[in-house]
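Could you slot chain R onto chain H? The hints should help.
2 protein chains.
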Amino acid sequence: MSKKIHTAQTAPFRWENVPVLAYKEGGGTHFRGVTRQVLFDDGDPGGTQLRYFEIAPGGHSTLERHDHAHSVMILRGMGQALVGHEIHSLETNDLIRVPPQTWHQFRATTDEPLGFLCLVRSERDKPQHPTAGELAALRADGRIGSFVRV
Amino acid sequence: MSKKIHTAQTAPFRWENVPVLAYKEGGGTHFRGVTRQVLFDDGDPGGTQLRYFEIAPGGHSTLERHDHAHSVMILRGMGQALVGHEIHSLETNDLIRVPPQTWHQFRATTDEPLGFLCLVRSERDKPQHPTAGELAALRADGRIGSFVRV
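Protein chains in written order, with our numbering: chain H, 37 to 186; chain R, 37 to 186.
Next up, chain H with everything else stripped away, as it sits in the complex (with noise of 0.2 Å):
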């Protein structure tokens, strides 16, 4: 990100000096159709990150958990999140808290990008992908076994 006091949209949630960068570095196929851009980053450790992310319409993060939390806020569209085991549907400025080791995955369900801001720790832990055995019993739920992508 940058590191000027004020940074301009340049286009809709896109901004001067802020690359538009994959999703996962070292790619992946469990997701489908986001970038995320850094928005925010105090460069600490022990300090946090605003990143924004955008899903295209059709495609989904993955499907993951992991030690650290998620705090998220809707900021372009609509669409839905597996979070534990419910599946909440998002508009605009909704708010999203992905508590520790909790399974998530958010879709884009409409014909309109999902873009949402995710803060988190700058230190944290690796994502978790769920193993066949984890799959099976989240899957065992049909609504949840309708929802998920990997």
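You can take every hint at face value.
Copies of the same chain look alike in the list, so a pair counts if it works inside one copy or between any two.
Below, computed lysine to aspartate or glutamate pairings styled on EDC-like, alpha-carbon distance capped at 20 Å:
no.	residue 1	residue 2
1	Lys60	Glu100
2	Lys40	Asp103
3	Lys40	Glu52
4	Lys40	Asp78
5	Lys40	Glu127
6	Lys39	Asp77
7	Lys39	Glu127
8	Lys40	Glu122
9	Lys39	Asp103
10	Lys39	Glu122
11	Lys40	Asp77
12	Lys162	Glu100
13	Lys60	Asp77
14	Lys39	Glu52
Calculated directly from the structure, the hints in this document are not laboratory data.
Since the structure is predicted, the reported quantities are computational estimates derived from the model, not experimental observations.
Just chain R now, with coordinates in the frame of chain H:
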């Protein structure tokens, strides 16, 4: 703030069970028409809070500085901010960093409210107000003199 997973927006920039608070707990006369809502607070003194502030048309935040930094994102309306010795014109979705010990003040300069997110460390120092001498030094720059409200 709510500890729920999903906190819906119930009216524009108002959220379920998120109280609309006074801007400053002790009140004061050094600001005008400002409200505060705490959207996320991880409850950890080493953690962070994400707050939403809204300045009514014609209103302004306190002219102040402090050791802690602010990371700000405009969510609603337009306005202006003094940060250090520069006055920035702000539009929706613009980002603003307020570095430590930097005089700053936000103003709503149109007939719409100016709403913005402000990310801070939970444990932080109290704001300082300018002394008469500091205010005179700021006002020595005519543009700043016309801008600030105390």
